[in-house]
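Chains S and A, in that order, give the protein sequences. Sequential numbering of the first sequence, starting at 1, is according to the working numbering. Sequential numbering of the second sequence, starting at 1, is according to the working numbering.
FYI, nobody ran anything at the bench for these hints, they're computed from the structure. It is possible that some hints are incorrect.
Going by beta-carbon spacing under 8 Å, a handful of chain A positions derived as facing chain S [to be verified]: (1) T105; (2) Q197; (3) G216; (4) M267.
Virtual Cβ for every residue (Gly too), placed ideally from N, Cα, C.
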Amino acid sequence: MICSLVFSFVIAGITVCIDPGHGGSSSGAVGDYILEKDVVLEVALQVHNLLNQVPGISYTSLTRDGDYDVSLQARTDYANSAGFDWFISIHENAFDTTVQGTETFCGSLDPQDPSYQLAFQVQNSILDAYGYTNRGVKDGSYLHVIRETVMPAILGEGSFLDYDVQWNESYLYAFNVGDHVGLQSWAYAHGICENLGLWTPPYGNGVFVIDNLSPGFAVDDSLAWELVCSGAPWMMNCRATDAVPERTASWTSLIQINGLFTLSSWWTSGSDRSSSVCYRVFHAGGYSDVYMNQLTGGAEWVPLGSFTFDGDCTVQILGSQSSAGTIVADAVKLTPPLGTGEYEPACLSVTRNPASSFTIVLPPEASGEIVIYDSAGRRIARLQGSGTVEWTPVNLPDGVYFAMETDKFSSVRLIYIR
Amino acid sequence: MFSAAWLLLVVGYPALVSSGGYAAFLDEGGSEILVMDGTGETVYTVYADPGERLSYPNLRGLKLVFISSSAGLVTHDILTGDTEILCEEHTGAPWISSTGDLWYTLDDSLYRNGLSSGNAVPAFNVSVEGDYASFTDRSDNIHILNIESGQDRTVQGYRFYSPVVLPDGAVIAPTLTGEIIYLPADGSINVMGNGEQPCWSSELGGLFYSVLEDNGDVITAADIWFVRPGSNPVSVTRTSDVSETRPGCSAGVLWFIDERTGVPGFMSIDDL
Chain S
1 MICSLVFSFV IAGITVCIDP GHGGSSSGAV GDYILEKDVV LEVALQVHNL LNQVPGISYT
61 SLTRDGDYDV SLQARTDYAN SAGFDWFISI HENAFDTTVQ GTETFCGSLD PQDPSYQLAF
121 QVQNSILDAY GYTNRGVKDG SYLHVIRETV MPAILGEGSF LDYDVQWNES YLYAFNVGDH
181 VGLQSWAYAH GICENLGLWT PPYGNGVFVI DNLSPGFAVD DSLAWELVCS GAPWMMNCRA
241 TDAVPERTAS WTSLIQINGL FTLSSWWTSG SDRSSSVCYR VFHAGGYSDV YMNQLTGGAE
301 WVPLGSFTFD GDCTVQILGS QSSAGTIVAD AVKLTPPLGT GEYEPACLSV TRNPASSFTI
361 VLPPEASGEI VIYDSAGRRI ARLQGSGTVE WTPVNLPDGV YFAMETDKFS SVRLIYIR
Chain A
1 MFSAAWLLLV VGYPALVSSG GYAAFLDEGG SEILVMDGTG ETVYTVYADP GERLSYPNLR
61 GLKLVFISSS AGLVTHDILT GDTEILCEEH TGAPWISSTG DLWYTLDDSL YRNGLSSGNA
121 VPAFNVSVEG DYASFTDRSD NIHILNIESG QDRTVQGYRF YSPVVLPDGA VIAPTLTGEI
181 IYLPADGSIN VMGNGEQPCW SSELGGLFYS VLEDNGDVIT AADIWFVRPG SNPVSVTRTS
241 DVSETRPGCS AGVLWFIDER TGVPGFMSID DL
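Excised from the complex, chain A in its bound form (with noise of 0.2 Å):
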């Protein structure tokens, strides 16, 4: 049903983003990007200064944005090779939107393009178009933000993390209780499954996520579901000797790392 090929390129347990055809690949203790595309050859990498460590990465086209312990906030040109230091001060995780607008964190504050938006911010998302923003407050609610009219929808109860807005402004966010919870524009608050790390598939019109076990010091089993509002979730990968974790999608591509390794792969995801 699915092919699968192992990059044995990286060893440890990196962060990892996808977009378009594309995907970034940080490793363990944050001193290389790599950017490889859907046939798992690295195109780009980025490589830290001795003593720094990057971290954060987001990459839209190829464009890559990321933070460095020593620089700040980094834009990197994959075409040019061009650099460009936006902030020198300690910000959160960075997010591009396909329209070119940059969004981060700094001193609790949601950051566009270097303005302001007075909200205070543990973590945010923003739509692909760049026209919804989704952020988490100091007690975990979620907020939904409409970037054109400023209509703010918050939903509490949860103690919600890393949310993910769909492009049509519906949001997808874990809780730390382990529930994935799609918040669509109705208004409506539905638990999706139980599990982490959602990521949703615009071409397949469904999330994946990981489903994750533990000893309380370690992860002893990780697999990747795969489900469609309104259905039944079902197991993306079922291989015994690896642990997908991660996963991240782009044109016709499931990206995950093992758990175990640190290792990143990839599938197929044309025919699910």
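Here chain S stands alone, though its shape is the one from the complex (with noise of 0.2 Å):
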């Protein structure tokens, strides 16, 4: 068009509408234990709530925040009148019983549809998160929410809310059994900040990181702790310095932490680097130096040790403690005391059949034996070790497997091999 500019103004944060399928007289899936418009009201109250921890959206809103009737016009009409740039419909699956994944539906199947990109990377965080058969992102532009919104939509099934073959999906929300509403919250947030290229706060429950990118990270000397890069996966780039006296730099945890967690460090190595750098953890005990040789290993997570923490997780290095050479700041990981994935809740784990070795950390008071049963009860395995336990599951069909201490017969991990 040949046309005129007139005036001109800045563009400021994004806006996102959560719209919770359902509500009211409509119940949406209908689960034994649990309904959709319960689960999904929930599910979105969470992702609201991490949404607007992160800098660079400036608004949330969700059409309906309570148990209520909203009819479908109502949600795009509110949405388009108040110009949101993303919406974002949350909603579980149903069908027989038998059928379990995860799908994801868009406007447009073109790769380059911003619609399809959020759908695309929603639906591989929740992959991520639950594990479940990957359904796929598909065409939604039949669905209402997504045909009549001006703004890109996407309306995602999580899960088949009736599942009912190898375990009750209802009770999982019902019961939040290894934080399943969280972890699909999470998901949700996880996947549109990626999309969006933002930071993505973390997983409350489960393992999760503190790069020196992250809130909570700071160093004494902006100036003097450089910023090199240090290549994937954790956000490119590392802050380094020579590890004189006045050196700190340092990791808090902006949620609270609490109970034992595994703390790890990611660090890259190099023939400048400290032979001995001092990690001063503090926890509940007060604190701890722990010294790592960042001459050679980095590149991966390297366990500085378990601590139990009581609310507030501070990680420093410290030039003063640490030998000549240069020190490296990246990231540290805090792993809750029986996850072992990425995205792992604290009680559950997923994984493919034939599944590889499980590590699983036994509580501090635990006995040190665990016993494996299957759904049916019977025992698959006793397993016995100090601080954790080694299992590799062998020729065992799909199916969910408890993981059980014989001393307080109470279930201590969910696994579910597919």
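Hints are included, so try docking the two chains, each in its own frame, into the full complex.
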């Protein structure tokens, strides 16, 4: 078009409309223990809270924040009239109780389409979280909330709520087994933030990482701590400086950390590195100093040890306690007592069949013996160890297995092999 | 009672806005804006460039304003064909008053002819004469602003969206819980009915609105109703084979869209 420019302004933060499906008289999918409308409201509220923590997202709103009817037209008219940038509709699926999987709908299957790109990221994020069958990103242009919104819109179906073959999906939601609700919520937030190139708030109940670009990271002198390329995956860079007494870097969790966690550190090694870098870990019992040789190793998570935290978690690198050379501060990772994977909750593992070896971290008070039962109550394996036990499932059918402490007979971990 | 004509010109799910004797339709996908007169004839078409998506058309007289995904906020003179980009940024839905003032939102603020009011405004509307404005805030409260005096009336307790300002400063707005609320200048709050997409007819002194049913995925039924303040609502469209939505009224004509097909239609409202 040939035209003239009269006035122009600067754009600000991103706005997101979150749409929990159904509500009120519309229950949506029906599970044995919970209804879809209740699941998606809880997920949406948590996504709302997570996205509100993200710098770069100026405003999020919900089409419903309670259990009441909201028409499809009202949902889209609300979003359109307020001019949101993105529309996220959250649903759960149902079929005949035998199907499980994750699928995400969008308005176009063109890989360049913004709604497809968002759907792709969210789909992958939920797949990472749940490990269910990938039913793909699908054309949802016939769905009202996708068709009638003027902004890029997606509709996620995180899982089949009525699934009741190897486990009962609605039970996982109703009793929040393995933080099933929180896991999906975080997966949505993570997918959205990944798509927008924004920082994702840490997953509260599972493994999370504090990077040198995360909120909560600080150095005593940002000029002295040079920002250097460190390679993937931790945001491509790190801070490095000479190990002189006044140099300090610290990672502080912005959320409450309670209980036993395994703490790991990521760095990049080099011939100029310090051979003894002091990590000071502040925990419930005071602090502990741990020394790492950054001449070697690195480019992977290196355990600093297991520590019990009572709310606050701060890790420092102290130049004053380190030997000469370059000290590198990149990222630290907190792994909860029973977590083993990046997106795994504290008490649920999902793995492919045939499964590789599991490391199960025992609670501090555990006797050191774990028994694995199948869903019929049959004992599959008896495992012993100190602090951790290893389990390699061999020739086992798909299904849910329970790792139990023998002395307490309480479930410590739910393992889903598929 | 009503005469209806069907315009098999646009298939899709367009937006509709009417002004004077004209109505503008946006086709599905935002590739065309069609301007039609009261006889259903297409008098003007604006075509998007390849890859460009048009949205939020608004019409006042022969002046069309809309959002272009590639150009920004655009005005188009139907008489001369002149196009002008007013703002390259991603603004909210624009609106033109009868005085020619252009209103829109940008960066959460309401702008009038390029000047910010400073208010955080997700959604807004302005009276035809441009002397009253209404907008929602981040808490979905509604504000009614007397442009000249600056007096701001705030109504809380509902989740409002898409307010419509009447010439006398009264406001009608739907809520997310399904009511249509009438907020006259006397300060009272009146539920006019349960429905959505309200459209005020100054000619008839009443409100057209749609009543929709859905199954959680798609709309399954839709009809347009009419109500005058203090009276009982009456169904305007009683057809079984058409799902009428998005009422838009202008000079003796009720415009609507068939939800099932996306085809626009209109009917006379002279005898309502």
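Against the structure, the hints:
1. With a least beta-carbon distance of about 6 Å to chain S, the hint placing T105 of chain A at the interface is held under the 8 Å criterion.
2. Hint on Q197 of chain A holds. Least Cβ distance to chain S is approximately 7 Å, under the 8 Å limit.
3. Restraint check, G216 of chain A versus chain S: the minimum CB separation of about 6 Å is within 8 Å; hint holds.
4. A cut of 8 Å between beta carbons decides the hint on M267 of chain A: the least distance to chain S is about 21 Å, and the hint is violated.
Checked against the numbered hints given earlier, this structure breaks only hint 4.
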